[in-house]
Each structure stands twice: as structure tokens, then as C-alpha cells.
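Asker: Chain by chain, the residues:
There are 2 protein chains.
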Amino acid sequence: MTGQAMTDKDRVLSANLEFYRAFTLRDVAAMEALWARALPVSCIHPGWMALRDRDSVMRSWHDILANPEAPHIMCHDEEAMVYGDVAVVTCEEALDDNTLVATNIFAREDDAWRLVHHQAGPLLMRAGHAGRGANRLN
Amino acid sequence: MTGQAMTDKDRVLSANLEFYRAFTLRDVAAMEALWARALPVSCIHPGWMALRDRDSVMRSWHDILANPEAPHIMCHDEEAMVYGDVAVVTCEEALDDNTLVATNIFAREDDAWRLVHHQAGPLLMRAGHAGRGANRLN
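Respectively, the protein sequence lines represent chains A and B. My numbering numbers the first residue of the first sequence as 818 and each following residue consecutively. My numbering numbers the first residue of the second sequence as 818 and each following residue consecutively.
Chain A with its partners taken away, still in its complex shape (with noise of 0.2 angstroms):
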């Protein structure tokens, strides 16, 4: 970004980037220090009951990235919206042979923006309104 400086909205998005990196790396050591140290976090993968402690929370990533089976994936249509010091990145995650939608939670820590929060479930509707009683999930 030429001549601009960057916004936080720049540095949420690209820590949420980084975040894609890590996993479809399969980088432990990048995705242990994407999440905040002091600050409390929780984590819903697709499917689970929500992990509520960073132990729980990092041995669930060590067993995803350790997991040879664990898809590829990729992030698209991101957006960041910044709170002061926390923001929320809405995000739809490609994966082998499905979408996932997610949110993604960033808390200003350190002077860094560091994950406390990520929940991803399937996606699948993409067009119309919301409507709970009228699809397959309720």
C-alpha cells in the first residue's frame, strides 16, 4: 500500500491470512504464536463442543495439523470489522470438497492482533435470507 499507512483493519486481515497459512501449512509453531498468551480463548471447530483453555485449545490445533488427513484450505470473501481493540473477521473457508463459514476473533495483545475466538461450521446456502425453521440445520 503505497504511500498509505496501514490500518488495523490491514493488520486484522492479514493475521486472519495468517492464520490460513499455518494451517494449510500444517505450521505448529506459526499457529501456536497466532494465539493470545494472556487473554482468555475458545475455539468451535466444525461439529465439537466449544474448547474453553488454551491447553485444550492448542492440543486441538496440534492434533488437526498433525492429522495427515487434514484437508487443504483456503480463505476467501474475509472481511474485518474492528471493535477498538478486538475485531471479527466473517470468512467462508474452501476446503477439498466443501465451505465452511467462519468467525474469526482478534484481540489486540502485546501490540499485536492475536486469535481468541474461532468458530467454523458448514456452509450450505449461499443466496436469500436466513430463515431457521426453513433449512436442513434447525
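The set of hints was computed from the structure by calculation and includes no laboratory data. This structure is a prediction, so every number in the text was calculated from the model and none was measured. Warning: the hint list may mix true and false statements.
Which copy is meant is left open, because identical chains are indistinguishable; a pair holds if it fits in one copy or across any two.
Taking lysine to aspartate or glutamate and the EDC-like style, the derived pairs with C-alpha atoms no more than 20 angstroms apart in a straight line are [said to hold, decoys possible]:
1) K826 with D902
2) K826 with D870
3) K826 with D913
4) K826 with D914
5) K826 with D872
6) K826 with D880
7) K826 with D844
8) K826 with E886
9) K826 with E909
With chain A held as given, fit chain B onto it using these hints.
Answerer: Chain B alone, transformed into the frame defined by chain A:
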């Protein structure tokens, strides 16, 4: 809570319960009041792409609450993590015939905790560690 001041965590969990009360009673006015006015909002209903502006989000809730087939919903196992003026609640949503797991994000606006984001997706497994390569959503 006799003799104890309400903490931000209490207030956030109270707002979270109010969200599920509005949902299950199909109280459109209460749902409208719960969502932030000035802050940006987004919402990921189960299976759907992200909705990223207040009009789309509120229209989706109007549609859901007007739907006679919308399920009853009960929130349980909720936990709040507070990050200054933003709070993240994770909880489970018991519907008539299945269970979802949700992220609800609240932000302080006009001295109230208001919703800025909601994502819910299916809960398929309860125990063990998450393993993206090992479940059917990947």
C-alpha cells in the same frame, strides 16, 4: 446477587439470555433492541453465508421470528469472556430435535451490552479433542 455488584460478565450473560428469550418468544422488538445500532454487525445463521449489515441481519431475524415452524430454543452451558468493551459468549442451543453450538459477541454501546455478531452451527460431537481431519464436516 445479594451484596454483590453485577460484573460485566453477569451483564453479558444476562444479555445473552435475553437474546434466547427474544428468540423463543418470537419477540421482534426485543430482538431489534438487542442488536447494536451504530457499531457494525454481522450474523451467520446455521448453514448460511455471513450477513454483514444491520438491515440484512435484522431482516433475517424478522423472517425467522415470523416463521411458524421456527424451533423453540434453549441456551445452556454458556460462558462469557470479557475483553474490555467487547465480550464473547460461547454456548449450546438446544432446539426441538437437535443441538447447535454458538458464538455470540457483545459490545458496549450507549452503556449497554449489545449484540454485534452471532454464529451458530451443528453440534455433532461432545467428547475428545477436535480433529478436523476426523469428522464429517471436513
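Asker: Decide, hint by hint, whether the structure agrees.
Answerer: Verification of the hints:
Within a single copy, K826 and D902 get their C-alpha atoms as close as 11 angstroms, and across copies as close as 18 angstroms, so both meet the 20 angstroms cut-off. In this homomeric assembly, K826 and D870 come within 20 angstroms of each other (Cα to Cα) only across copies, at 17 angstroms, whereas the closest approach inside a single copy is 26 angstroms. Taking CA atoms no more than 20 angstroms apart as the test, K826 paired with D913 passes in neither setting, with 28 angstroms inside one copy and 39 angstroms between copies. With identical chains, the CA atoms of K826 and D914 are never at most 20 angstroms apart, being 30 angstroms at best within one copy and 40 angstroms at best between copies.
In this homomeric assembly, K826 and D872 never come within 20 angstroms of each other (Cα to Cα): the closest approach is 28 angstroms inside a single copy and 22 angstroms across copies. With identical chains, the CA atoms of K826 and D880 are never at most 20 angstroms apart, being 30 angstroms at best within one copy and 31 angstroms at best between copies. For the homomeric pair K826 and D844, neither the shortest alpha-carbon distance inside one copy (24 angstroms) nor that between copies (34 angstroms) is at most 20 angstroms. Proximity of K826 to E886 under the C-alpha cut-off of 20 angstroms is found in neither arrangement, the shortest distances being 33 angstroms within a copy and 39 angstroms between copies.
Proximity of K826 to E909 under the C-alpha cut-off of 20 angstroms is restricted to the intra-copy arrangement: shortest distance 18 angstroms within a copy versus 30 angstroms between copies.
Taken one by one, the earlier hints fail for this structure at numbers 3, 4, 5, 6, 7, 8, listed in ascending order.
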